[in-house]
Amino acid sequence: MKKIINNPDHVVSEMLEGFAKANPSVVYFPEAEVIARREKKAKVGLVSGGGSGHEPAHAGYVGEGMLDVAVAGNVFASPSADRVLKGIQEASSGKGVLLIIKNYSGDIMNFNLAKELAEMEGIEVDSVVVKDDVAVKDSTYSTGRRGIAGTVLVHKIAGAKAESGASLAEVKRVTEKTIANIRSMGMAMSPCILPGVGKPGFVLGENEIEIGMGIHGEPGVERTAPQSASALAETLLGKILADYDFRGSEVAVMVNGLGSTPLMELHILFNEVEKRLEPLGIKVRKALVGNFMTSLEMAGASVTLLKLDGELATLLAAPSAAPAFRA
Amino acid sequence: MKIDAKGYMDYVAKVAQKLADNRDYVTELDSVTGDGDHWVNMDLGFRKLLEQRSTLEALSLGELFKKIGMLVMSTVGGSSGVLYGSAYIKASQAIGQRESLDVPLLAEVLGAMLDAIMARGGAKPGFKTMIDPLYQGLEAMKAALAVGKGDRAALDALRAGSIAGMEATKAMEAVKGRATYRTDKGVGHLDPGAVTMCYQLQVLADCFSS
Chain A
89 MKKIINNPDH VVSEMLEGFA KANPSVVYFP EAEVIARREK KAKVGLVSGG
139 GSGHEPAHAG YVGEGMLDVA VAGNVFASPS ADRVLKGIQE ASSGKGVLLI
189 IKNYSGDIMN FNLAKELAEM EGIEVDSVVV KDDVAVKDST YSTGRRGIAG
239 TVLVHKIAGA KAESGASLAE VKRVTEKTIA NIRSMGMAMS PCILPGVGKP
289 GFVLGENEIE IGMGIHGEPG VERTAPQSAS ALAETLLGKI LADYDFRGSE
339 VAVMVNGLGS TPLMELHILF NEVEKRLEPL GIKVRKALVG NFMTSLEMAG
389 ASVTLLKLDG ELATLLAAPS AAPAFRA
Chain B
10 MKIDAKGYMD YVAKVAQKLA DNRDYVTELD SVTGDGDHWV NMDLGFRKLL
60 EQRSTLEALS LGELFKKIGM LVMSTVGGSS GVLYGSAYIK ASQAIGQRES
110 LDVPLLAEVL GAMLDAIMAR GGAKPGFKTM IDPLYQGLEA MKAALAVGKG
160 DRAALDALRA GSIAGMEATK AMEAVKGRAT YRTDKGVGHL DPGAVTMCYQ
210 LQVLADCFSS
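Residue numbers (the numbering used here), protein chains in the order written: chain A, 89 to 415; chain B, 10 to 219.
FYI, nobody ran anything at the bench for these hints, they're computed from the structure.
Keep in mind that a hint or two might mislead.
Said to hold, decoys possible - Below, simulated EDC-like cross-link-like pairs (lysine to aspartate or glutamate); rule was C-alpha separation at most 20 Å, straight line:
| id | chain 1 | residue 1 | chain 2 | residue 2 |
| --- | --- | --- | --- | --- |
| 1 | A | K225 | B | D193 |
| 2 | A | K225 | B | D13 |
| 3 | B | K23 | B | D13 |
| 4 | B | K57 | A | E102 |
What the hints assert, rightly or not - Rough simulated footprint, nothing fancy, chain A against chain B, three-plus residues with beta-carbon under 8 Å:
| id | region |
| --- | --- |
| 5 | 73-87 |
| 6 | 90-103 |
| 7 | 148-159 |
Note that beta-carbon positions come from the ideal geometry of N, C-alpha and C, so glycine has one too.
Assemble the whole structure, with the sequences as input and the hints as a guide.
Here it is, written out as structure tokens:
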């Protein structure tokens, strides 16, 4: 394992310590691995978080116009409820707090427990669950669809709404509308190495890629031979469009890198995605190409489409001072 | 056959060792059906408990369980942290003021843990989780106690039942957690959370027997 670390036990705390030093607009609470805005405002507080290893998620999205607090767990593991509780307390200004949770068993349990604990302290808390990954079948019985890169756009829109002074119920409504209209699909080309494990969690052969792999290296839909950017765009978009009919609408498109895929390739992929949208009557109102929700040093990418109406488009275009999302 | 707070910390040390000995095995299981972080986080949690061994040993048994619950919850994180944390906190209520665990109280404690894990995770026996070895081990243990077979037989039943429950996860389809993302729902693979739960129950039975 070749990594720029000191000790696998300390990667999260040392990363966040560095992050806070590099970004004076945030403060770091080491005992809870919480990153919060330095300047607090009287408004609905927005808290997100999850396992580490997805940088710049989630700390990179803390800033005016986006999140108030990001809570970090160990690598790929949800933050514990006591950490999330600390996050809720930091985000609370008396106007209520909205939790943006990605749909994984651990995250759901810990965020919900933290919500109960905060409510016992008299803080009004509500939550939404992001599940944008069309690689997984949605289900009310089992865990169901994962939350992946689309979460970043959810942060952005919820953040803009909260910044406008809207009530908790209003922020939740707009956030749920965003979640209902967002779909993502990813693929991976090489594995990632958890610092505490020291070797790859799975193997992809030289002539193999995995369509639909999750952002923790969870299994996808199928393994295929490497494909051209054009064929990949066809595959990923095909899965998205089969799940949600975006025809005739205005959209935001995100092409997200998983960690070690060069921006060159991400732009090539975006170019192929964009070409396929116009013939379907899909107009790209906003494009985002970069590393927004990564999986350590995994190679690969995901494509996200969000259908925009006037309200969502305005909120998406509103200013953001978050270190990893300037708008 | 009794275990007090100090004896329970000896148990914790033995679990830590058992985990350390099985690092690659557990991580490999988890890499197949999950995301490979289960061993790392469990190991981190048990090492944290050992770091605080002298403080923890001095607590009453009920307080010890509560403190273990809080430490595990915050250190392990993820699903395992909140589930084991909830289990220990619920168990501390079952223990109350009692200063040592005997075998019948152990059955009560394991029952409280099972209830807490099922309530928090919304999972049941048969979902291919840590619940399966605990449920089957406890059922076997309670059956042995009910017919008055005595402590040693009850512990043997706990051992055998938990292994059976762990092994049964191999054929199960996952309903909760990351193995649900596989098209085969993990069928054919042991659940890593069931394996580490089984380790703990084996070591626990051994600690009582020795």
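Consistency of the hints with the structure:
1. A/K225 to B/D193: holds (13 Å)
2. A/K225 to B/D13: violated (48 Å)
3. B/K23 to B/D13: holds (15 Å)
4. B/K57 to A/E102: Roughly 18 Å separates the two Cα atoms, so the pair holds.
5. 73-87: holds (count 7)
6. 90-103: Holds: 5 residues of the region 90-103 of chain B have a Cβ under 8 Å from chain A.
7. 148-159: violated (count 0)
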